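Trainee: Chains A, B and C supply the protein sequences, listed in that same order.
Heads up, my numbering is the position in the first sequence plus 196, with the first residue counted as 1.
Heads up, my numbering is the position in the second sequence plus 53, with the first residue counted as 1.
Heads up, my numbering is the position in the third sequence plus 138, with the first residue counted as 1.
FYI, nobody ran anything at the bench for these hints, they're computed from the structure.
Here the structure is a predicted model, which is why all the values come from computation and not from measurement.
For each residue, glycine too, the CB sits at the ideal point set by N, CA and C.
Take these hints with a grain of salt, some might be off.
[Said to hold, decoys possible] Each computed BS3-like pair below joins lysine-lysine, with the alpha-carbon atoms no more than 30 Å apart: (1) K125/B / K316/C; (2) K345/A / K103/B; (3) K332/B / K155/B.
[What the hints assert, rightly or not] Residues of chain A placed beyond 10 Å of chain B at every Cβ, according to the derived structure: (4) L216; (5) Y324; (6) Y480.
[Claimed, not checked] Away from chain B, derived, C-beta distances all over 12 Å, residues of chain A: (7) I283; (8) A286; (9) R321; (10) A354; (11) N380; (12) S382; (13) S389; (14) F400; (15) Q440; (16) G457; (17) I474.
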Amino acid sequence: MSIRISAPTQGLVLLAPALLVYCVFAVYPMLDVAALSFMKWNGLSPNAQFVGLANYVQVFTQDPVFWQAVRNTVLWTVMSVIFPPAIGFALALALNQNIPGRSPLRALFYLPVIIAPIAVATIWRWMYDPFFGLFNATLTALGLQGLIKDWLGDRNVALYAMFIASVWQTVGFSLVLFLAGLQNVSQTLIEASRIDGAGRFEVFRYVTLPALRPSITIVLILSIINSLKAFDIVYGMTGGGPAQSTQMLALWAFTQAMQLGDFGHGAAISVVLLLITISIVIPYLRWSRTHRETNP
Amino acid sequence: MRVPTQWLRFASAAALVLGGAMAAQAQEIKLWTLNFANDSANQAFQSIIKQFQDANPGVTVKVENRGVDEHKSALRVAAGSDQGPDIFFSWAGLGLGGEFVKSGLALPMDKYYAEYKWDDRFLPVALTFSKQYPGGQFGVPYTFHGEAIYYNKALFQKAGITSEPKTYDELVAAAEKLAKAGIPAFTFGGTVNWHVMRLMDEILETECGAEKHDALMTMKASWAEEPCATKAFDELHRWTSKYFLKPFMGIDQSQSFNLFLAGRAAMMLEGDWLVGQLKGANRLADFAVFPFPTGGKRLYGFAEYNYISSKSKNPDVAARFLDYLESTPVQQAHLGDFGTISVNKDVKYTSTEPLEVAWRAIFGGYDGTFVNGDQAFPLNVTTEYWRIINQVATDSLDPKAAAGELQKFIANSK
Amino acid sequence: MNGFARAFRQPGLDRVDPILVILWVALIVVAIVWIAPFVFIVFTSLKANSTVMGSSAFAPPTSLEWRNFAGAWARGRFSTTVFNSAVITTIKVPLGLLISAMAAYALSRIRLPAGRAIFLLVLFGTMLPFQVMLAPLFTLVNSFGLINTKVGIILPYLAFGVPYQVFILHGFFGEVPKELSEAALVDGASHFTIFRRIFLPISLPVLAALLILDFVATWNEFAMALVILQDNSTWTLPLGLMSFQSQFQSDYGQLNAAIVMTVLPATIVYLIFQRYFVSGLTSGAIKE
Chain A
197 MSIRISAPTQ GLVLLAPALL VYCVFAVYPM LDVAALSFMK WNGLSPNAQF VGLANYVQVF
257 TQDPVFWQAV RNTVLWTVMS VIFPPAIGFA LALALNQNIP GRSPLRALFY LPVIIAPIAV
317 ATIWRWMYDP FFGLFNATLT ALGLQGLIKD WLGDRNVALY AMFIASVWQT VGFSLVLFLA
377 GLQNVSQTLI EASRIDGAGR FEVFRYVTLP ALRPSITIVL ILSIINSLKA FDIVYGMTGG
437 GPAQSTQMLA LWAFTQAMQL GDFGHGAAIS VVLLLITISI VIPYLRWSRT HRETNP
Chain B
54 MRVPTQWLRF ASAAALVLGG AMAAQAQEIK LWTLNFANDS ANQAFQSIIK QFQDANPGVT
114 VKVENRGVDE HKSALRVAAG SDQGPDIFFS WAGLGLGGEF VKSGLALPMD KYYAEYKWDD
174 RFLPVALTFS KQYPGGQFGV PYTFHGEAIY YNKALFQKAG ITSEPKTYDE LVAAAEKLAK
234 AGIPAFTFGG TVNWHVMRLM DEILETECGA EKHDALMTMK ASWAEEPCAT KAFDELHRWT
294 SKYFLKPFMG IDQSQSFNLF LAGRAAMMLE GDWLVGQLKG ANRLADFAVF PFPTGGKRLY
354 GFAEYNYISS KSKNPDVAAR FLDYLESTPV QQAHLGDFGT ISVNKDVKYT STEPLEVAWR
414 AIFGGYDGTF VNGDQAFPLN VTTEYWRIIN QVATDSLDPK AAAGELQKFI ANSK
Chain C
139 MNGFARAFRQ PGLDRVDPIL VILWVALIVV AIVWIAPFVF IVFTSLKANS TVMGSSAFAP
199 PTSLEWRNFA GAWARGRFST TVFNSAVITT IKVPLGLLIS AMAAYALSRI RLPAGRAIFL
259 LVLFGTMLPF QVMLAPLFTL VNSFGLINTK VGIILPYLAF GVPYQVFILH GFFGEVPKEL
319 SEAALVDGAS HFTIFRRIFL PISLPVLAAL LILDFVATWN EFAMALVILQ DNSTWTLPLG
379 LMSFQSQFQS DYGQLNAAIV MTVLPATIVY LIFQRYFVSG LTSGAIKE
């Protein structure tokens with residue numbers, strides 16, 4: 197017995213499970229966050245109270261930590277777009293050369309990427325321990341006691357100390373992407389230009405770099421998106437301290453809702469972060485669509 | 054189809070017995086509590102539970118231990134779901150534990166207080182916390198703690214301090230002597246926030262006196278308008294900049310305890326539970342204790358309670374367990390495991406261990422308490438209180454501006 | 139090593155380039171710095187607490203304190219957390235890949251009403267930081283009564299895994315020649331059959347790469363688990379490590395043993411399946 201099920205119906209059946217779970221557990225919470233940002237709710241009682249823009253007013257004018265979190269988030273994102281990709285790029289260039297042990301070296305640099313971010317946080321928190329951690333112990337052994345710092349307890353240093361841990365984790369990511377891009381650069385073109393007398397730097401500037409443009413774009417965009425998500429590392433290393441000086445938007449939103457019981461306030465902060473993300477993402481999506489259409 | 058009546062009767066009787074047996078077997082109560090730093094408390098629970106289960110067949114008690122912050126988070130989550138505990142530990146102060154009671158998550162226990170005559174069993178000073186909410190009596194005292202200054206006897210001697218400071222000025226003078234001998238006076242763990250807060254609370258009591266301190270903590274008085282509040286922040290800053298073992302902001306309080314044991318600082322502001330920890334480390338002989346000289350009649354201390362959840366399906370069993378836990382024989386047998394003194398007033402104290410004797414004297418010497426700041430304030434104010442304290446402690450906020458900052462937040466949050 | 143014979147030479151040239159040698163040495167130095175944290179952690183995990191506090195940080199342990207591992211295993215409830223992580227990952231990863239592949243096929247090979255809009259909706263999800271939705275997710279899962287359940291964590295995991303996987307597979311399926319499926323359709327095969335018999339087999343390499351990446355991502359996930367798995371008997375490995383850190387921070391030997399045990403499974407998987415990681419990353423990039 198064969199019943200003709202139309203192609204679109206078959207398609208819908210195939211699409212349904214993924215679409216359903218995505219809409220319920222990803223799209224709906226996003227809409228819920230937006231709705232919740234206009235309410236006052238402590239997460240316990242069954243009723244939430246509509247308060248209009250009160251949460252936003254509170255967030256923008258009465259929350260002493262919010263602007264610090266915005267600054268930290270923006271600073272973190274900017275640093276994440278500059279340093280790990282730059283280091284990854286340099287390493288990729290080096291690893292693309294004819295030197296022995298490229299494969300094991302690449303594997304080594306990529307290894308921290310697959311470690312749980314919370315484990316990276318724990319590892320580095322231990323290394324930054326002011327009394328027994330690796331850094332201060334090394335400085336003391338080298339006679340450089342003057343440089344000893346309370347790496348995670350000194351507000352001038354803490355954010356950067358955390359960022360270094362993040363660099364350790366994420367460099368491998370850009371490294372692999374750049375290396376793949378480099379390996380796609382046409383070898384014949386390079387050899388031809390060599391024969392034409394081009395030196396090392398000219399080859400790089402006129403052949404390699406242009407060919408790498410798509411890779412660079414991807415690494416940059418992915419770095420931005422991943423950095424906006426910074427949560428595990430901050431939670432595990434400082435919890436937002438000292439004195440909320442390393443607080444980031446995602447963690448502060450979480451703290452307000454899940455730890456302090458002010459869901460509306462947390463939702464308002466989440467919406468701000470969402471808007472920042474969207475304002476970066478939508479232009480990129482538009483640009484990449486047109487770019488893809490012209491460069492199939 | 055007709056079923057012979059004997060069959061019916063037999064069947065229903067069997068069902069009742071089976072159902073009753075299964076109901077009895079299904080009596081499990083969940084107890085959520087802390088993973089106490091003093092491990093003897095954790096172990097005492099294990100043995101008490103075992104004894105209770107032996108004496109009450111069909112009942113199982115399941116304990117879940119968590120760290121302090123996780124326990125608070127778990128309670129918040131459980132409050133909104135059906136997955137919560139039957140009994141939960143909480144600090145008895147209005148702010149911290151009050152959140153749950155005020156949102157209806159704790160069961161009023163008046164009938165159990167009558168049944169088990171708890172009003173006659175507990176220390177009055179511990180009992181007061183059960184009556185601070187409208188709607189009945191909530192929770193059963195679990196411990197009563199005091200906080201005071203422990204000091205390293207050898208280091209005091211080395212600095213030439215011959216007697217325990219009895220006034221605030223003497224305490225400052227002692228710190229000066231220690232500083233001259235190259236010894237940091239205090240060690241604190243900054244990451245947990247509530248550790249450095251303790252010093253702030255004590256200074257507030259010293260500078261403001263009992264009434265003003267209470268008015269500030271209940272937010273009836275304005276921090277910006279009380280000069281003693283600003284003076285207190287000033288004093289805090291003096292301590293953190295001159296007399297603290299540094300670095301302190303990046304370590305937690307268990308690490309600061311290790312440093313204290315290692316003699317890296319002379320004093321530690323800790324609770325009576327530290328006696329158990331010192332006993333576990335075999336270092337009782339090296340340390341002594343004296344109360345922080347606030348110049349007042351109140352001891353810095355707080356009560357910890359066990360509450361029965363209003364969602365519990367076995368509240369009677371839970372109450373029976375709590376009664377057992379706080380019964381005189383059990384408390385007498387486990388004296389020293391939960392705290393230096395028991396909340397049960399019929400317990401007899403026979404220990405001659407100097408630190409324990411010292412604590413009994415401390416407890417007996419005061420007629421009232423003031424609680425830790427984070428138990429008095431609501432959660433969001435506590436977070437801001439900690440932030441300001443930490444900023445003052447790390448020289449990033451002018452102490453003269455601190456009180457104003459706090460008041461601004463309090464005013465906005467009302 | 140064969141590599142050394144022709145190493146350090148520019149392409150097309152025969153003499154050893156001294157700059158490349160210097161570069162290589164610099165790389166080795168960087169690599170040593172890169173691996174130092176691992177070495178430090180392993181060393182500390184094998185020292186007793188008193189040794190850690192007493193001796194130099196980078197001195198190798200003189201006597202191996204394997205007890206730290208046993209102690210950390212028990213205290214950190216590793217048997218529970220490893221089991222939970224394993225169950226959740228083993229269920230979620232293949233299941234997620236399957237539903238993503240089905241959806242990707244439907245979106246790329248079948249003309250659907252609003253197909254383009256749906257695809258864009260899904261694409262949008264690749265950029266969403268789920269960290270902003272932790273509290274609403276908690277409320278949602280709670281309203282289903284699924285807090286502290288494996289189902290309760292697997293469903294959101296599936297939801298957030300769909301966008302990236304659909305995106306990659308959509309691009310891959312789009313490249314399959316139309317003639318292949320048209321021939322099968324003419325023969326009367328349903329889309330289900332085409333998907334199962336043709337598309338799944340040819341995309342095995344991509345599926346393998348996505349599987350590996352998703353395995354590691356799920357195994358390491360922390361924030362969502364923090365919110366949904368409150369009962370410590372349901373905790374996953376990352377939650378167990380964080381709890382260990384917050385409670386036993388000053389038990390240095392055991393803390394490091396806990397770190398080693400947490401990190402080991404993913405490291406082993408990585409060392410065995412290295413190339414899948416790389417191809418998984420780059421297939422997404424190059425498809426741009």
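Trainee: Next, verify each hint and record whether it holds.
Mentor: Each hint tested on the structure:
1. K125/B / K316/C: violated, 58 Å
2. K345/A / K103/B: violated, 49 Å
3. K332/B / K155/B: violated, 38 Å
4. L216: Given a closest Cβ separation of 24 Å, the condition holds.
5. Y324: violated, 7 Å
6. Y480: holds, 36 Å
7. I283: At about 26 Å from chain B, I283/A clears the 12 Å cut-off, so the statement holds.
8. A286: holds, 31 Å
9. R321: violated, 9 Å
10. A354: At roughly 8 Å from the nearest Cβ of chain B, A354/A sits no farther out than 12 Å, so the non-interface label is violated.
11. N380: holds, 45 Å
12. S382: holds, 51 Å
13. S389: holds, 53 Å
14. F400: holds, 43 Å
15. Q440: About 5 Å separates Q440/A from the closest Cβ of chain B, which leaves it inside 12 Å; violated.
16. G457: Given that some Cβ of chain B is not farther than 12 Å from that of G457/A, nearest at about 6 Å, it is violated.
17. I474: The assertion about I474/A holds, with a minimum of 28 Å to chain B.
Violated hints for the displayed structure, listed by number in ascending order: 1, 2, 3, 5, 9, 10, 15, 16.
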